[in-house]
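Number of protein chains: 4
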Amino acid sequence: MVPDARALTVQTDALCALARWCAGRGWVPATSGNFSVKDAATERIFISRSGLDKGQITPADLLELDVTGNLLHGDGRPSAETGLHLVIYRDRPKVHAIAHVHTIWNTLLSARCAAAGAVEMEGYELLKALSGVTTHAYRECVPVIANTQDYAALAQELTGVLKQNPAVHGVLLSGHGLYTWGTSVAEARRHLEALEFLFEVEGRRITSEG
Amino acid sequence: MVPDARALTVQTDALCALARWCAGRGWVPATSGNFSVKDAATERIFISRSGLDKGQITPADLLELDVTGNLLHGDGRPSAETGLHLVIYRDRPKVHAIAHVHTIWNTLLSARCAAAGAVEMEGYELLKALSGVTTHAYRECVPVIANTQDYAALAQELTGVLKQNPAVHGVLLSGHGLYTWGTSVAEARRHLEALEFLFEVEGRRITSEG
Amino acid sequence: MVPDARALTVQTDALCALARWCAGRGWVPATSGNFSVKDAATERIFISRSGLDKGQITPADLLELDVTGNLLHGDGRPSAETGLHLVIYRDRPKVHAIAHVHTIWNTLLSARCAAAGAVEMEGYELLKALSGVTTHAYRECVPVIANTQDYAALAQELTGVLKQNPAVHGVLLSGHGLYTWGTSVAEARRHLEALEFLFEVEGRRITSEG
Amino acid sequence: MVPDARALTVQTDALCALARWCAGRGWVPATSGNFSVKDAATERIFISRSGLDKGQITPADLLELDVTGNLLHGDGRPSAETGLHLVIYRDRPKVHAIAHVHTIWNTLLSARCAAAGAVEMEGYELLKALSGVTTHAYRECVPVIANTQDYAALAQELTGVLKQNPAVHGVLLSGHGLYTWGTSVAEARRHLEALEFLFEVEGRRITSEG
Chain H
1 MVPDARALTV
11 QTDALCALAR
21 WCAGRGWVPA
31 TSGNFSVKDA
41 ATERIFISRS
51 GLDKGQITPA
61 DLLELDVTGN
71 LLHGDGRPSA
81 ETGLHLVIYR
91 DRPKVHAIAH
101 VHTIWNTLLS
111 ARCAAAGAVE
121 MEGYELLKAL
131 SGVTTHAYRE
141 CVPVIANTQD
151 YAALAQELTG
161 VLKQNPAVHG
171 VLLSGHGLYT
181 WGTSVAEARR
191 HLEALEFLFE
201 VEGRRITSEG
Chain A
1 MVPDARALTV
11 QTDALCALAR
21 WCAGRGWVPA
31 TSGNFSVKDA
41 ATERIFISRS
51 GLDKGQITPA
61 DLLELDVTGN
71 LLHGDGRPSA
81 ETGLHLVIYR
91 DRPKVHAIAH
101 VHTIWNTLLS
111 ARCAAAGAVE
121 MEGYELLKAL
131 SGVTTHAYRE
141 CVPVIANTQD
151 YAALAQELTG
161 VLKQNPAVHG
171 VLLSGHGLYT
181 WGTSVAEARR
191 HLEALEFLFE
201 VEGRRITSEG
Chain B
1 MVPDARALTV
11 QTDALCALAR
21 WCAGRGWVPA
31 TSGNFSVKDA
41 ATERIFISRS
51 GLDKGQITPA
61 DLLELDVTGN
71 LLHGDGRPSA
81 ETGLHLVIYR
91 DRPKVHAIAH
101 VHTIWNTLLS
111 ARCAAAGAVE
121 MEGYELLKAL
131 SGVTTHAYRE
141 CVPVIANTQD
151 YAALAQELTG
161 VLKQNPAVHG
171 VLLSGHGLYT
181 WGTSVAEARR
191 HLEALEFLFE
201 VEGRRITSEG
Chain E
1 MVPDARALTV
11 QTDALCALAR
21 WCAGRGWVPA
31 TSGNFSVKDA
41 ATERIFISRS
51 GLDKGQITPA
61 DLLELDVTGN
71 LLHGDGRPSA
81 ETGLHLVIYR
91 DRPKVHAIAH
101 VHTIWNTLLS
111 ARCAAAGAVE
121 MEGYELLKAL
131 SGVTTHAYRE
141 CVPVIANTQD
151 YAALAQELTG
161 VLKQNPAVHG
171 VLLSGHGLYT
181 WGTSVAEARR
191 HLEALEFLFE
201 VEGRRITSEG
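Residue numbers (the numbering used here), protein chains in the order written: chain H, 1 to 210; chain A, 1 to 210; chain B, 1 to 210; chain E, 1 to 210.
The shape of chain H in the complex, shown without the other chains (with noise of 0.2 Å):
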């Protein structure tokens, strides 16, 4: 099957838009964080490669990887992280984009809930901005995986995570970062920009209450 270039061009090019954006918003401090897209056609994904400062991101940095994350074009070393993508695309099958950020709200919220395993929002009209939710009377749950170097662990927890909360449109890494995804980049933006928004205010909500 041959691919839409076009329509690939279009995915590729917004995923840079938005890790660009989000360097310039300080969510992907020192060349942390990674972005993803995975061409509906041919499942291939596109995935940015390691070590790269975001505020310069071209689709000449992506890597061509097939779904068991094998390298088929680029240079460059996939990140250490490309296995969280691959589990996230192969249990979540409608998900299209995926975006990671490291922020100063994600890494106090979900230090600070680690042991609680989730952050909780609710009550907040923003929450409508999340996929299939049309009510602010609604309460958000992102479970908080404790971080670990171990990545294999780590992927299984996250199979684990993800079969248990159907709904959920993040996974939160403990002291570390937030994982999002959507349908298309579009939608993978929209629920990164309204969960990054509900972590600042329930962030200074409950810090100022002690």
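Quick caveat, the hints were computed from the structure, so don't treat them as lab data.
All C-beta atoms, glycine included, are put in the ideal place defined by N, C-alpha and C.
Any given hint might turn out to be false.
To be verified - Just so you have them, the derived chain B footprint on chain A, three or more residues with Cβ under 8 Å: (1) 128-137; (2) 191-204.
Stated by the list, open to error - Stretches of chain H that chain A covers, calculated by requiring three or more beta carbons in the stretch to come under 8 Å of a beta carbon on chain A: (3) 123-129; (4) 198-206.
Unchecked claim - Ranges between beta-carbon positions, derived for each pair: (5) G51(H) - R139(E): 54 to 60 Å; (6) G76(E) - A60(B): 48 to 54 Å; (7) L72(E) - R90(B): 45 to 51 Å.
Mind docking chains A, B and E on chain H? Use the hints.
Chains A, B and E only, in chain H's frame:
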């Protein structure tokens, strides 16, 4: 009556410039927020279509409505909150521009002050940026309406709040955001900037005091 | 005496660049704030006109005044606070540029320290950015004047404060904002950046301690 | 030995780009901060001249020094803190770039932790952005040196601190700012972004706990 095409262009251009400026400050995250202008000659309303990233908005993304909300021109769906714009234009005849934004501080303050029914701000020089206010020795009480997904009920509630508070420059929906307005886009923008500045000052003051 | 047209151009250009930079940081919200420069050769004063969005200011938006405040050239109304600029130029003969801004932290601190009559900052390296200060082991006491809409009384109060505090680099109006100055636009900007940085540091320090 | 002109150009360009980026974030207010790079071939040091707004810096604003600090080329005065750069280059032979910034959070934290003698950060994924750190289960102890205007004494103090802390990626001066470095401008920037991110996270965590 033929509308003044150039004046109209300037107003829709200014409205879109305001929306893009808000996007740059993070005040309309995740395609939230909406903006409208009412043409003085024709009484037609131009409002941002639903689901749009406001960072990219141009006049082509505005829908043209009559004063009762019928879609006259434009591609896309009016926001579910269009009815609130119509109430404001109906009950504040001098108003020609409306902005609705979701910010960190209006979300925090509106949720915190929902039970009290208003956010009160007093003694700040910047209150003088609000039309008709000539001294800092003034108390602006921004009403807080409980958020709901029942937009007909919300429109009715807003009608009552506008009637009971003839001097207010804006209305908050709890955990949701701010509506503010002006006789022109420039005045709506001035009210928006002033209220959001004061929300942040007041929010920081209150939360630092526990 | 014929003024040096080029030097004057550079100063009014630099003044407008400073005003636009302040607008970008949110320091002159809702058309607040004002900026002026005094030409060394002619002693004429060029000041931003009232009611202007400082994000768009150019030298054409400046009004030319003599040292007693008479309008010589320019379209628009001088700000009500022009008299305060005139007092500073009169009582600080070396001053050739003045900036007045409304920021979150100068509003919070000036309100909080109004009763004490001054914001005191000590021990910070950045104090050395203030003209004449050569060590961090220095205490800058920025006087806080109670805000009022009686500008004649305010001018008189400012006259007294400048006389009693010959070494200060700025004056705060409570719940209103900062006036700071320098022998050139560059020095006024350096004082502005330094004082606002220190206000934020001190504001965060004080409020985190309850 | 003839230096590689192109490689040198790239490094001084990259250094100035870093300085301008810091200016945009408010990390070098009021002409504070300084930046340098050491040419690998000639061991010559290129450092920002004193009193410069870093938002405008270009390679023409760099002074060329030998390793003992003698001025070889360039207009302007070396910063009083040049001696600290020379100590770092002398005692860390692999270092080829140094950044010194004044930020809100490094000022707050360095003052708060001065008595303890170090800012300790542990358990964050972003620690892995520091060269040689391979796990979040790591504690970075950034030494805090008491600030002084006796630069000879400060150079001697820094010499001792570098000797006693062979693994550190930066040093704080209390109430003053951060020095950090790398084998290249890119690595110095990565360390700078990571440390400042962690200072903000840690500063917010500590202050919210009272």
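Going down the list of hints, with the structure as the test:
1. 128-137: Holds, because 5 residues of the segment 128-137 of chain A bring their Cβ atoms closer than 8 Å to Cβ atoms of chain B.
2. 191-204: holds (count 8)
3. 123-129: holds (count 5)
4. 198-206: holds (count 4)
5. G51(H) - R139(E): 54 to 60 Å: 24 Å Cβ-Cβ, so the 54 to 60 Å window is violated.
6. G76(E) - A60(B): 48 to 54 Å: violated, 34 Å
7. L72(E) - R90(B): 45 to 51 Å: holds, 48 Å
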